[in-house]
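> In case you want the letters, here they are:
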Amino acid sequence: MKILVCISNVPDTTTKITFTNDNTQFNTSGVQYIVNPYDEIALARAIELCEGGKGTVTAINVGEAATEPTIRKALAIGADDAVRINAAPRDAYFTAFQIAEYAKANEFDMILCGRESIDYNGSQVAAMIGEFLDIPSISIIKKLAVDGSTTTIEREIEGGKEVLTVNGKFVASCAEGTAEPKIPNMRGIMSARTKPLSVVEAVAVEELGKITKFETPAPRSAVKLIPAENAAELVNLLHTEAKVI
Amino acid sequence: MGISTKYMSVLVYVEHADGKFKKSVFEAVAYARAIADQQHTNLTAVSIGNVADNELKELGKYGASKVLQVNADQLKDFVNQAYASVIAEAAAKENANVVVLSNSFSGKGLAPRIAVKLKAGLVDGAVELPSTDGSFSVKKTAFSGKAFAITSLTSANKVIALNPNAFGVKENPTDITIENFSPAVKQTDLATIVKEIVRATNKVSLPDAELVVSGGRGLKGPENWGMIEELASLLGAATACSKPVSDADWRPHSEHVGQTGIAISPNLYIAIGISGAIQHLAGVSSSKVIVVINKDPEAPFFKVADYGIVGDAFEVVPQIIAALKAHQA
Ligand SMILES: Cc1cc2nc3c(=O)[nH]c(=O)nc-3n(C[C@H](O)[C@H](O)[C@H](O)COP(=O)(O)OP(=O)(O)OC[C@H]3O[C@@H](n4cnc5c(N)ncnc54)[C@H](O)[C@@H]3O)c2cc1C
Ligand SMILES: Nc1ncnc2c1ncn2[C@@H]1O[C@H](COP(=O)(O)O)[C@@H](O)[C@H]1O
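So the sequence lines, in the order shown, correspond to chains U and Z. For the first sequence, the numbering used here begins at -16 and goes up steadily by one. For the second sequence, the numbering used here begins at 48 and goes up steadily by one.
Don't read these hints as lab results, they were simulated from the structure. Check before you lean on any hint, since a few could be wrong.
Stated by the list, open to error - Some chain U residues near chain Z, calculated using beta-carbon distances under 10 Å: (1) Thr(-3); (2) Phe9; (3) Phe80; (4) Ile101; (5) Val108; (6) Ile121; (7) Glu159; (8) Leu208; (9) Pro210; (10) Glu212; (11) Leu220.
Think of the CB as a built atom: it goes at the ideal place given N, C-alpha and C, for glycine as much as any other residue.
Based on the sequences and whatever the hints tell you, model everything.
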């Protein structure tokens, strides 16, 4: 079994988000980058499925050279090899196109993504890869089990879950539940330095849109404190003042 | 744009659960109608699966003048590959240059595929109408609610996935016609087979809930969720939790909100025994009104709250429950 896992390089979850150049660019100064938390889940499930020589896991990232520490982290966690498509990931359409091109040239049985990247929160890349490759895509999955050529997947739906099966190749985007993220051990960290990481040039793709400006949410006015012994007053305030109940 | 917009139209995909439309669908219809008004054109809805005519007619209330009903047996279950094909064909048939859908679990799986088929720029998580300055720019959430990004779409076709609770349900009564639409379905589009759907019918679903009651580690253990559920059920609210709570299996993962959980923007978010870590705030800070109940006056959550009660949840929450019962009586 050959599994391709898509790894995006995102700002650490503690990052205070600010912008520069008249709010047109994300301010990267002092920002630490990490493997997108959902991609760690996808990677962990891929490694579990391939354990004991059952297959190989390739990590793929669309990014410039600066993302290599993130890719090495994926190798340290347990990917067998990695590919970096050498380009700034302009948007999901661009990124998915690159990954699909790579997957066309190199056969994979399954492509796993994270449910969304925590920077632009598109939840777009996985389903777009599916469309570019004309294979099924299943978004926001919570469980994945393989039995021969049939994969059984549980995905989240509003207020519940759906269980489905898919035959043959597919792409899925993983959410919590699919696997527990793995922490790299010493051996993993050592071997990550020598595992193969190839660099592939990107192909040209048309631009369909772009982010022109960022905004930060308006600050809230000061909190109105209600004494604990008078907690019942909250109901009154929510009804008459805030008008939400 | 400029060219012959008057022959264009707007298409909205209306997802249903067991033949019923939810509020977030009516919201998407109202939003799509507002875009159609901006463009001086009509709004068509497309519905796939078994939905009764009287339910379809409801869409007229929010501004759809036509609904394409796709009722093929092969399409009764959601298969996003096949549904995306149907919606793209409906867009071609209606000459729609804008396709709107809800940014729901299913919507997130569909919108990207439709966008690729139509070579359309896609805005997911939209929170406002497109700008009318001629640039077709749409505001969307980014960085898990820590910011907004204005995305300008330059392609001829556009797809927008609207966040629940962002636009509101606006009535716009319109005469609606129901038209059968039976596009050919490719066998290769049906490679996934739905085996089972499990939906809790007695609970409000979290992603599109208007009111949410949420509990954190301050509640000490799963056995103490009774009062959270009681408060939620009195309010008709959904329940949520912080990440450590779902990590400890006190509550299901589907209730985890925040940067690595669900991002929500209800009208009211009540946080009980939650400290307000940056990753938690990311997913909830766009809630319209925030109430924080925490025994620590220094808890960071108070900085972003509208109403706060410094106190022990086990004393405060029962008082609120009693007051609510009195208020509702
Ligand atoms: C990569 C990463 C991603 C993360 N993503 C998320 C995420 O998506 N969502 C999320 O929630 N967290 C996330 N976290 C975790 C986050 O950093 C915090 O650890 C978490 O939000 C804390 O949860 P809590 O507020 O329930 O618990 P705590 O921080 O332990 O806070 C408990 C609070 O309860 C109060 N309390 C205690 N007893 C009582 C009482 N009797 N009555 C009233 N109040 C009481 C305390 O004063 C305290 O403020 C993430 C962390 C990392 C590293
Ligand atoms: N630049 C990238 N390189 C590789 N994979 C990516 C990249 N961006 C996004 N992905 C994958 O696509 C998923 C969804 O991302 P998004 O559509 O941006 O929310 C992520 O969780 C990753 O698995």
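> All hints are to be evaluated individually against the structure, with a verdict given for each.
Verification of the hints:
1. Thr(-3): 6 Å, holds
2. Phe9: Holds: closest Cβ of chain Z sits about 8 Å from U/Phe9, inside 10 Å.
3. Phe80: 9 Å, holds
4. Ile101: 6 Å, holds
5. Val108: 8 Å, holds
6. Ile121: 7 Å, holds
7. Glu159: 4 Å, holds
8. Leu208: 5 Å, holds
9. Pro210: It holds, given that the least Cβ distance between U/Pro210 and chain Z is near 8 Å, below 10 Å.
10. Glu212: 8 Å, holds
11. Leu220: 6 Å, holds
Hint compliance for this structure: no hint is broken.
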